[in-house]
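*Asks:* The lines below spell out each chain.
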Amino acid sequence: MNCTEFRARLHPYVDGELPVAEMAAADAHGAECPECAALSRREREFRQLLRRQPREAAPAELRAGIVRRVRREARWRSALPRIAVPAMAAAAAAILVALLLPTMRPATLVADLVDKHIAYAQIERPAELTSADPAEVAEWFRQRAGLRVTVPDYSPSGIRLVGARLAEAHERKAAYLLYEKGRTLLSVFMVPVVQVRPELPGSRVSYRGQPYATWERKGMRTVSWADGQTLFGLVSTLDYEALLECADRLRLERAAQTRL
Amino acid sequence: MAVVHLDALYHTALRLTHSRPEAEDIVQETYLRAFRNFHRFNVGTNCRAWLFTIMRNVFLNRLRGQGREVLQGEADVREASDTSSSAHVGLGNPEEEFFQTVLHGDIDRALKALPLPFREAVVLTDLEGLSYREVAEVVGCPIGTVMSRLSRGRSLLRRALSRFAREHGYVKEVE
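Quick mapping for you: the protein sequence lines, in order, are chains A and B. The letter at position 47 of the first sequence is residue 80 when you use my numbering, and the numbering goes up by one with no holes. The letter at position 164 of the second sequence is residue 918 when you use my numbering, and the numbering goes up by one with no holes.
Bound conformation, chain A alone (with noise of 0.2 Å):
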């Protein structure tokens, strides 16, 4: 990729919005041109400056008044001739799922973290940011995409963090973290999701009393979970055992960081 061409890809290029073959090109591009590593600075100072603002949650009592407003008109329909009653009854429990909606489908979205995992893994640098230190990466992602990550330390079982990106799946912005038992690449995933329990693909699995799923797919292992908030996808060729006991580290320290 040359100047032009990175300038051209500069906004999807800082916003994570580039295919990874792209993405990995203007990584190249800028680590060799030191211009266009000052322009893309610069743009993520921009949106770090712009993500700072403060955010006025919304009042309670809007909120209230929402639930109350819903309320009363599923009331007031259900008041229509009595046929309409299950339907309503029907719509507004349909809302409130619709609204802890699935964006997307588990099984597609762990397939696709499985084929980040391969991509990244024929491309040379595949993090954006080379730390072996948790804390760091962890602030990094703060910083960089508002993120709250878990970065667990696995340096106790011989796998060694290697750095992070910011991955785009299936519209949202994900974290991913990559380590190194060896030659032997492991991907730790952790996308956003709002659903409360996704259908997760494969063979479900206890691990240490918590439930997992294990899915095999391009000769990868994965494992794969979800806490309400984020689904955790594990992707390497490492045993499941080993992944078992990588995603059983990961909740422990999650656990710790949300009691804090």
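Incorrect hints may have been included.
Said to hold, decoys possible - Computed Cβ-Cβ distance ranges for the label pairs, DEER-style:
{"id": "1", "chain 1": "B", "residue 1": "His922", "chain 2": "A", "residue 2": "Gly179", "range": "44 to 50 Å"}
{"id": "2", "chain 1": "B", "residue 1": "Leu817", "chain 2": "A", "residue 2": "Gly242", "range": "24 to 30 Å"}
{"id": "3", "chain 1": "A", "residue 1": "Arg216", "chain 2": "B", "residue 2": "Pro896", "range": "41 to 47 Å"}
{"id": "4", "chain 1": "B", "residue 1": "Asn791", "chain 2": "A", "residue 2": "Glu55", "range": "35 to 41 Å"}
{"id": "5", "chain 1": "A", "residue 1": "Gln155", "chain 2": "B", "residue 2": "Cys895", "range": "31 to 37 Å"}
{"id": "6", "chain 1": "A", "residue 1": "Arg216", "chain 2": "B", "residue 2": "Gly894", "range": "46 to 52 Å"}
Claimed, not checked - Covered by chain A, per the in silico footprint, the following chain B stretches (three or more residues, Cβ under 8 Å):
{"id": "7", "stretch": "782-789"}
{"id": "8", "stretch": "901-909"}
Quick caveat, the hints were computed from the structure, so don't treat them as lab data. For clarity, every value in this text was computed on a predicted model and none was experimentally measured. For every residue, glycine included, the Cβ atom is placed at its ideal position computed from N, Cα and C.
Given the structure of chain A, go ahead and fit chain B onto it with the hints provided.
*Replies:* Then chain B, alone, in the frame of chain A:
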């Protein structure tokens, strides 16, 4: 009742209207419409984008009702295609330093001055974190248009902010 996305909708409404009572009305109406039109919602598609789309319609209808600023600025939008202006700004430009000195009210003021098509692209992408695809769905235009509005919107915003910084005397006049 799960009123997820409420903060995001309210926040965006506030950025679009600059008025709390108006933002509250718009958000409330958005949820009522979502409730009434739920049968039209395609399960499995993006709920957040759907709610934002409804809200944008509510907002535009109000503007039309009040005979106020409506979605124009298409001339500006066309102009955007021939400027990747932000990319042409050289290094060492004093603009770079103003980031440190932007006051909270400045961004509000600068956003307010942006023509609506650019304002909504910037607000949805940069402040609310929607993806290009979601923004395209919400504003009903191709992704390419979202990209050019965003690039133009950001550069207009940046220019306005650097002007404010000069007014505050933080950045010295060049030229």
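*Asks:* Run every hint past the structure and note whether it holds.
*Replies:* Okay, the hints, checked on the actual structure:
1. B/His922 x A/Gly179: 44 to 50 Å: Violated, at about 27 Å.
2. B/Leu817 x A/Gly242: 24 to 30 Å: violated, 55 Å
3. A/Arg216 x B/Pro896: 41 to 47 Å: 43 Å Cβ-Cβ, so the 41 to 47 Å window holds.
4. B/Asn791 x A/Glu55: 35 to 41 Å: holds, 38 Å
5. A/Gln155 x B/Cys895: 31 to 37 Å: holds, 34 Å
6. A/Arg216 x B/Gly894: 46 to 52 Å: About 48 Å separates the Cβ atoms of arginine 216 of chain A and glycine 894 of chain B, which means 46 to 52 Å holds.
7. 782-789: Result for this restraint: holds, n = 5.
8. 901-909: Since 4 is at least three, the answer is holds.
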